[in-house]
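J.: Spelled out from the first residue to the last, the chains are:
4 protein chains.
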Amino acid sequence: MPGIGTIEVETRAHFFETDAMQVVHHANHIRWFEMARVEYLRARGVLLKDLMDQGILFPVRDVYCQYKEPARYDDIVIIRAEVPELTKVKMEFTYTILRKADQALLATGRTTTVFTGLTGRITKLPDHVFEQLRR
Amino acid sequence: MPGIGTIEVETRAHFFETDAMQVVHHANHIRWFEMARVEYLRARGVLLKDLMDQGILFPVRDVYCQYKEPARYDDIVIIRAEVPELTKVKMEFTYTILRKADQALLATGRTTTVFTGLTGRITKLPDHVFEQLRR
Amino acid sequence: MPGIGTIEVETRAHFFETDAMQVVHHANHIRWFEMARVEYLRARGVLLKDLMDQGILFPVRDVYCQYKEPARYDDIVIIRAEVPELTKVKMEFTYTILRKADQALLATGRTTTVFTGLTGRITKLPDHVFEQLRR
Amino acid sequence: MPGIGTIEVETRAHFFETDAMQVVHHANHIRWFEMARVEYLRARGVLLKDLMDQGILFPVRDVYCQYKEPARYDDIVIIRAEVPELTKVKMEFTYTILRKADQALLATGRTTTVFTGLTGRITKLPDHVFEQLRR
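Chains as they are written, first to last, in numbering that gives the first Met the number 0: chain A, 0 to 134; chain B, 0 to 134; chain C, 0 to 134; chain D, 0 to 134.
The shape of chain A in the complex, shown without the other chains (with noise of 0.2 Å):
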């Protein structure tokens, strides 16, 4: 079953993302993901900052990621996200981290996140915000 939607997102590994190993810290690709995230919402109208401004918040219940290769200073990685689920109160994604000058495939991962309000407690989309990123 074919996922929702996808998005790519490119950045480069900064110097301070690198740690002692001279690669970039495992750390570091659980923010990029957020960072696709992020920009797959934006791509479908929707921002993060509106939907707090609605009380809606969208914390990561889950994540997972493999590290296939190490991302090192100064590569351009692109991080592609895909939505294989969506509901009201929930939304999955998967993450292919890919170094862009040879296509490399650094690392895979998955995030669970729901939907909540400020309290914490699970809170169903709004039908029209649901709509939006369903496209």
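Don't read these hints as lab results, they were simulated from the structure. Among the hints, a few may not be true.
[Unchecked claim] Distance condition first, Cα-Cα at most 27 Å in a straight line; then the derived DSSO-like pairs of lysine-lysine:
{"#": "1", "chain 1": "A", "residue 1": "Lys87", "chain 2": "A", "residue 2": "Lys48"}
{"#": "2", "chain 1": "B", "residue 1": "Lys48", "chain 2": "C", "residue 2": "Lys67"}
{"#": "3", "chain 1": "B", "residue 1": "Lys48", "chain 2": "C", "residue 2": "Lys99"}
{"#": "4", "chain 1": "B", "residue 1": "Lys123", "chain 2": "A", "residue 2": "Lys67"}
{"#": "5", "chain 1": "C", "residue 1": "Lys48", "chain 2": "B", "residue 2": "Lys67"}
{"#": "6", "chain 1": "D", "residue 1": "Lys67", "chain 2": "C", "residue 2": "Lys89"}
{"#": "7", "chain 1": "A", "residue 1": "Lys48", "chain 2": "C", "residue 2": "Lys48"}
{"#": "8", "chain 1": "B", "residue 1": "Lys87", "chain 2": "A", "residue 2": "Lys67"}
{"#": "9", "chain 1": "D", "residue 1": "Lys67", "chain 2": "C", "residue 2": "Lys48"}
{"#": "10", "chain 1": "B", "residue 1": "Lys99", "chain 2": "C", "residue 2": "Lys48"}
{"#": "11", "chain 1": "A", "residue 1": "Lys67", "chain 2": "D", "residue 2": "Lys48"}
[Said to hold, decoys possible] Computed footprint of chain D on chain A; a stretch qualifies when at least three of its residues, placed anywhere within it, have a C-beta under 8 Å from a C-beta of chain D:
{"#": "12", "region": "11-20"}
{"#": "13", "region": "26-36"}
{"#": "14", "region": "41-49"}
C-beta: ideal position from N, C-alpha, C; glycine also.
Based on these hints, arrange chains B, C and D on the given structure of chain A.
T.: What follows is chains B, C and D alone, placed relative to chain A:
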């Protein structure tokens, strides 16, 4: 089957670890896992930097984290790490993050780490290091 | 003229704080300064989150850091903070970062922090908080 | 006396860069300065990693940042870097951070960076690199 060993590390959720949802940003839990791994090894007399000096790296191959409740600014958290599996080439860790004040479960997770040479190729731990880690 | 007070905080240089020059990345010292500020206040019974609950923020207006020697992975460092100046609207801190093992001087710095309301406008500290901080 | 050159870099304030005051945490501006330094060099054909391959490091000796207005989540910011002074052993940068939408001034700063060998001892830039950077 019981795991090989366990460690508990305490840290405080720092202001610089929070995000605009006013909780600890979820990528920091991945860093907290690392803190616990390092202390697990240290408690058995193995220092990551000594391994590195011997040309042995200890990269993360995959990481999973499930977020149960947010950690908040200034919370003291306990990161408990256990080792369900250790071979000469691989070390599995599972993690439990608790808020110290009320022992609330904040997150659980696991990582697979491997031992590699400087080129990233899998390498076997020297016997004496393996014996130290098994204790 | 002597400063008002002082505090010392210990932390370890974590692996995730290092960079590809195999030293602690220089932006982390700015975070270490924050750790010391927070503990300075705590030692006088003032919690940043209590201030925030009262609608008082404590933003940094400027920061300076001079790097003398690198902090390296696994070093235990001491962050000493002193307060040369405190008014009801402003608090100056100076910092000294030492490597614990040999007391080597790693960095010095200073920050200006102010008290503001939630809108960012300068606000005066309540008398009782001011008195606590002067101790 | 006019500076030697200038560069402008754009970046977005990411969610993971915010803190519980709902603004970009002040340590991230120090990282943004680094992003601009790196691009300044790249625009003149000098890559930090090529320098490192030649055994030349480029550590920061001091940093100053003055915060005028907070950067907020999702703001696009412009980091402008200028070089008021360059010698074969030292490079000064000044920085201006603007919010792109309205060109509001968010922060200014400066750094002193030096060229060193792998041991941290000051070293002179090779002539051809120095000439590239002067352009």
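J.: Run every hint past the structure and note whether it holds.
T.: Structure-based check of each hint:
1. A:Lys87 <-> A:Lys48: Between Lys87 (chain A) and Lys48 (chain A) the Cα gap is close to 18 Å, so the pair holds against 27 Å.
2. B:Lys48 <-> C:Lys67: holds, 22 Å
3. B:Lys48 <-> C:Lys99: holds, 18 Å
4. B:Lys123 <-> A:Lys67: holds, 19 Å
5. C:Lys48 <-> B:Lys67: Holds, at roughly 22 Å.
6. D:Lys67 <-> C:Lys89: Distance ~15 Å between Lys67 (chain D) and Lys89 (chain C) Cα, so the pair holds.
7. A:Lys48 <-> C:Lys48: Since the Cα atoms of Lys48 (chain A) and Lys48 (chain C) sit roughly 23 Å apart, the hinted pair holds (cutoff 27 Å).
8. B:Lys87 <-> A:Lys67: holds, 20 Å
9. D:Lys67 <-> C:Lys48: holds, 23 Å
10. B:Lys99 <-> C:Lys48: OK: Lys99 (chain B) and Lys48 (chain C) at ~18 Å, within 27 Å.
11. A:Lys67 <-> D:Lys48: holds, 22 Å
12. 11-20: holds (count 3)
13. 26-36: holds (count 3)
14. 41-49: holds (count 3)
In this structure, none of the earlier numbered hints is contradicted; all agree with it.
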